[in-house]
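Quick note, the sequences are listed as chains A and B, same order.
Read in order, the letters of the first sequence are residues 1 to 243 in my numbering.
Read in order, the letters of the second sequence are residues 1001 to 1393 in my numbering.
Hints may be right or wrong, so weigh each one.
[Unchecked claim] Chain A regions said to be covered by chain B (calculated; three or more residues, Cβ under 8 Å):
id	region
1	24-30
2	50-58
3	81-93
4	174-186
It should be emphasised that the hints constitute simulated quantities derived from the structure, not laboratory data.
Glycine included, every Cβ here is placed at the ideal spot set by N, Cα and C.
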Amino acid sequence: MIEVRGLRKCFGEVVAVDDVSFEARDGEVTALLGENGAGKTTTLRSIYGLIQPDAGEVRVDGVDGIAQPLRARKGLGVLSEARGLYPRLTPREHMRYFAHLQGLGRAETETRCEDLVDLLGMGDFADRRAAGLSHGENTKVALARALLHEPANVLLDEPTTGLDVMSTRAVRELIVQLRERGKCVVFSSHVMQEVAAVSDRIVVVSAGRVIASGTPAELRQSTGLEDLEDVFVALTGRRGAQG
Amino acid sequence: MKRLVAAFSVVLRKELVDGLRDRRSLLSVLAPLALLPLMLFVAMSQASESVERARQIKVPVIGAEHARELTDWLDQQAGIEIEQGPDQPREAVRNGDVDFVLVIPEDFAERFAGSRTAEVEIILEGMDRSLDRAVGRVRDLVRGYGRGIADQRLIVRGISPEVARPVRVETIELATQQQRTAMLIGFMPLILVMGIFVGGLQVAIDSTAGERERGSLEPLLVIPVPRLSIIGGKWLAATAFSLASAVLTAALMGIGLEYSPLQRLGLRLELDGGVMALMVAAIVPLAFSVTALQMVVATLARSYKEAQSYVSFLMLLPMLPLALTMNSPIEDASWRLLVPVLAQQQLIQGAIGGEGVALVDFVITVLVAAAFAGVCLWLTSDLFRRERIVFGR
Chain A
1 MIEVRGLRKC FGEVVAVDDV SFEARDGEVT ALLGENGAGK TTTLRSIYGL IQPDAGEVRV
61 DGVDGIAQPL RARKGLGVLS EARGLYPRLT PREHMRYFAH LQGLGRAETE TRCEDLVDLL
121 GMGDFADRRA AGLSHGENTK VALARALLHE PANVLLDEPT TGLDVMSTRA VRELIVQLRE
181 RGKCVVFSSH VMQEVAAVSD RIVVVSAGRV IASGTPAELR QSTGLEDLED VFVALTGRRG
241 AQG
Chain B
1001 MKRLVAAFSV VLRKELVDGL RDRRSLLSVL APLALLPLML FVAMSQASES VERARQIKVP
1061 VIGAEHAREL TDWLDQQAGI EIEQGPDQPR EAVRNGDVDF VLVIPEDFAE RFAGSRTAEV
1121 EIILEGMDRS LDRAVGRVRD LVRGYGRGIA DQRLIVRGIS PEVARPVRVE TIELATQQQR
1181 TAMLIGFMPL ILVMGIFVGG LQVAIDSTAG ERERGSLEPL LVIPVPRLSI IGGKWLAATA
1241 FSLASAVLTA ALMGIGLEYS PLQRLGLRLE LDGGVMALMV AAIVPLAFSV TALQMVVATL
1301 ARSYKEAQSY VSFLMLLPML PLALTMNSPI EDASWRLLVP VLAQQQLIQG AIGGEGVALV
1361 DFVITVLVAA AFAGVCLWLT SDLFRRERIV FGR
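Pulled out of the complex, with its shape left as it was, chain B reads as follows (with noise of 0.2 Å):
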C-alpha cells in the first residue's frame, strides 16, 4: 500500500511537471480561455442592443399638434419615437399599415387649457396580443402624464396629490428579468464543463496513447508497481489541470460579465467572490470524472492522432443536454444530480440564482462522480493489461 502511494505520488509529480513543460498544448488551451472575457463582453452588448431596439416603440400620432407638450414628452420618453399617423387611421390600422395610432383631438388644447378631461384615443385592432406591451405602454405613459399634470394642478390649488390618490400600484415586470438571467446562468455551467473538458484533455491524452505512440508506455509498465498506481497518478495530474482550466474560466468569465452591459439587459446577477467559489466547488466533482473518462477513451485510441479527435468528440456530449435545458428555467428535478453534467448544471444555477448548494446535493454528486471515475478508471487499468493495447496491435 505504501509502494502503491510512493509510485502514485511519483508519476503525479512527473505528469505535471510534463503537462507544464507542454507550452505549445498549454497555449491552445489558454489562449481560447483568454478571448473569453471579451467573447462575453461582445455577447452581451450585442444581446443588449437588440433587446433595446426591440423596445424601440413607434407611436404614430395624429393632431400632435394641438398637444405638442405632451408629445414631446412621450418623445423624450425612453423608447418611445413620435411619427406622424397616418390620414386615414381606422382604415390604416384595420389594413395593417401601422399597428396603432394615437389621436389627439382637436379640442384637446382648449379643454386642457380649461382643466377640463382632455380626451385622446389609442386606435387598435384589439387582436393582436403582441402589441399589448407597445400600447400598454403608451397608455400608461399618457396616463403617467396626466397625473403629473393633475400633480401640478392640485398642488396649485393647495391640496396635496396624496389625497386624489387613495391607492397608488406599482408594476415591477419580473417574468421578462428572469428569463433573461436565466438565459445568462444556462450559459454558464457550458463555460465551466468546457473548462473542465479542455483543461485536463492534454495530459489525458499524452500520458496514454502519447505514451504508447512514443514508446515510452512499456518500459513504465515494467516497473513493478500496481497498474492502478501509474494510472492513478496520471488521472489525478489531468484532474489538476482542468480544475486550474476551471478556476481560470470561472475567474475570466467573472471579469467578462463585471465589465458587460447587464444593467442594460435588465439583468441582474450578483457574482462576488463567495457566488464564484460555490460554482467552482460545484464543478470540481465533474472534473474527476471527465478526465478518467478522456483516459479510458484515449487509451483506446490507436494514436494520438486518433486520441485527439476521439477525445475533442467527447466535448460535444455535454454540450447536448445543456444547449437543450439552457434556455428553459431552473427546473428542479432530483435526477439530474446522478447525471454528471446535469448535475453540476443544476447545482451551478443555485449557487448563481442565489439558492446555495445544499451539502446533501453536492455530496450526491461527489459519490456519483466517484463512482463513475472508479470504473473508468478501472477500465483504464484493464485496458493496460492487455496485449493489443501496450503493444499497439
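Okay, chain A solo, but in the shape it has when bound (with noise of 0.2 Å):
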C-alpha cells in the first residue's frame, strides 16, 4: 500500500510535480500515465526516497518515507529509470549481489534466483556476461533485481519503453502475476494500450500535477469517451485549452 499526498519538488524555477496525490492499494496495478516530463518518474523518486520532495507526505505499509526512508524502501521492489547492469558480471551475479546486498540468505538467494529466471525466461543468458546482452534481456534482469526480496510494493518506471512486443509481454504477464500474489504495483507509463490492458486504477498526469484518476471504467464514464487514448487526450487536451 502506497500512499501519497500533495507532493510538491521543485528543480530550480520548473515546478516538476505539484501536488500529486494518490493511493495505490495491495492486489491492485495503478498506473501513472502521462506524457515525457509530466513528472512520473520524480513522483517515483520521491517515493523510494531518493529525492526530497519539497512538501507533501509519503507512506509505504504506513512508514513515512521521507522520515525513515530506509526503513520505508524494505517494502519496496524499484526498476528506476536507470536500469544499468555491471558489464562484467552475469546476470545471476547481479541476482546474487542485489539479494545479498537486501539481507537474503544462500540458499533463499539461489531459490529466489532459480524461480525469477524460470519466471522471466532468462535460461538462456542467465551466465552470459552483461556486456553482450540485448535491451530486452537487459530490462529483465534489472526486474529480476528489484524482485528478489519479494517485496510488498513493487514500482516500475517505464518497463517496456523500448522492448520488442515479446518482451512487452513478458513485463505485462509478470505485472498480472504480482498483482495475482497481492502485491501492491505501481507502474508508470505514457502507451495508452499497455495502462488500459493491466491497470486497475489510473492517475494521469501532466505537467506535475494530477489530472484524472479513477479505474478505466471510471474515466470512461467520466469524459463519456469509450477509448482510453480519447481519454487521454481529452484530458490532456481540456487542460490544455483552460491553462
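With the hints as a guide, bring both chains together as one complex.
So this is what it looks like as C-alpha cells:
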C-alpha cells in the first residue's frame, strides 16, 4: 500500500511535481499515465526516497518514506529509470549481489534466483556476461534484481520502454502475476494500450499535476468517451485549453 | 550494525571480482609496473656511467720519459689518464688551456736511482677550488707510489716499513656516497606512492563515476542499506587493489635494484626482505587515504572520462613535494608526519637508511590517514545523497 499526499518538487524554477496525491492498494495495479516530462519519474523517485520532496507526504505500508527512507524502502521493489548493469557480471551474479545486499541468505538467494530466471525466461543468458545482453534481456535482469526480496510494493518506471513485442508481453504478464500475488504495483507509462490492458486504477499526470484518476471505467464515464486514448487526449487537451 | 557490515562485505566482494575481471584496466596498471625494474636498471646504469666519466681525471705530464715507471703506474690507476702536457706549462695553466700540469724534472731518474728524494711538480693556478679533488687525487697517487718505493727500499735494507710509518691516516669519503644514496632513497618513496595512486584508481572511478554513467547507481542506492556501507565496501576494494599494486611495485623495485650497478655508483643500499616489508608497511596507511580521496574526486566528476582526468591530475599532487625534497638529505621534521605522502616518505627513508621506523611515528601516520579517509568517505557519502550527483543533473 502506497500513499502519496500533496507531493511537490521543484528543480530551480521548474515545478516538476505539483500537489500530487494518490493511493495505490495491495492487489491492484496503479498506472501513472502521462507524457514525457509530466513528473512521473520524479514522483516515483520521491516514493523510493532518492529525491527529497519540497512538500508532501509519502507512506509505504504506513511507514513515513521521507522521515524513514531506509525502513520504507524495505517494503519496496524498484525498477528505476536508470537500469544499468555491470558489464563484467552475469545476470545471475547481479541477482546474487542484490539479494545478498537485501539481506537474503544463501539458500534463499539461490531459490529466488531460479524462480526469477524461470519466471522471466532468462535461462538462455543467465550465465553470460551482461556486456552482450540485448535491451530486453537487460530489462529482465533489472526487473529480477528489483523483485528478489519479494517486496510487498513494486514500483516500475516505464518498464516497457524500448522493448520488443515479446519482452513487452513478458513484462505485462509479470505485472499481472504480481497483482495476483497480492502485491501493490505502481508503474508509469506513456503508452495508453499498455495502461488499459493491465491497470486497475489510472492516475493521469500532466505538467506535474494529477488531472484525473480512477478506474478505467470511471475515466471513460467522466469523459463520455469509450477509447482510453481519446480519454487521455481529452483530459490533457482540456487542461491545455484551460491553461 | 550487523546489516551494515554484511552489506559492506557484499559490496567489497563484488567490487573485487568486478575489478579483477577488468582485464584491460589491470593490464594498463601492470604493464608500466613491469617496466619498472628495466627503467631502474637503465637509469642506474646511465648514472653510473656519468659518474665514472666525471671521475676520469686527465693528467697532462711533461717529462714523462724521465719517470716511465711512475707515469705508466699512474696511467693504470682507475680514473686516471696520462696525456702529453703543453710545452709551456706555466703559461698554459695561467691561460686556462689546461687545469694543471704534472712536471717531472730531468734529474728525476738520476736522483731516483740514487735513492735520493726525487721531486715532481704539480703546477696549478690555485684559485679554482673545484680542482681540489682532481689535484688531490693525483697528489695522493704520487705519494702512494713514493711510499710503495720507500717500503721496498726499507725491506731491502731489512727494516720493516711500519717503523718508518708511525701514524697512518685512512680517509674514507662519505659525503658523496651519502648524497647519492640519499637521492636514490628519495626516488623510491616517489615510485611507491605512484604505485599506490595507480593501483586504486580504476576501482575508485569505476565504482563511483562509472556506476553512475552506466546507470547502475540508482538501483544500488534504492537498496535499504546505509550509504556508508556501500561506499565503505567500494573504498576497501579500491584500497586492496592499491595495496596490491604497492607490494608489486616494491617487489619489482627490489628486483630492479638487485641487478643495477649500485656498487659502481658507490651506493651502499641494503634492501633485504625486512627493509622491504618495513617500506610497504609504512605506505599502507597512505593507500587508505588516497583511494578515499580518489573516490570523492571521481564522484564529483560528471562522467567517467572526466573522473579519469581529475584523478590522473591528482597523481601530480604528491609528485611536487616529493620532487622538491628528493635531493635534499633526510631532514628530520616531525611536522612531516602529519602530511600524507611526506609522512610516508619520511618513514620509508628511515627504513632504507637503516634507522628503522619508530612505532609512535607509524601510529601517527595511521591516525592521520584514518582521519583523512574518514573525511573523504563522509564527503562521498554526502555526495551520494545529492540528487544532482545521483541523477547527474
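Comparing the hints with the structure gives:
Figure legend: the region 24-30 of chain A, annotated as covered by chain B; annotation inconsistent (0 residues with Cβ-Cβ distances under 8 Å, at least 3 required). Check on the region 50-58 of chain A: 3 of its residues sit with their Cβ under 8 Å from a Cβ of chain B, so the three-residue criterion for coverage holds. Check on the region 81-93 of chain A: 10 of its residues sit with their Cβ under 8 Å from a Cβ of chain B, so the three-residue criterion for coverage holds. By the rule of at least three residues with a Cβ nearer than 8 Å to a Cβ of chain B, the coverage given for the region 174-186 of chain A is violated, with 0 such residues.
The structure fails to meet hints 1 and 4 from the earlier list, while all remaining hints are met.
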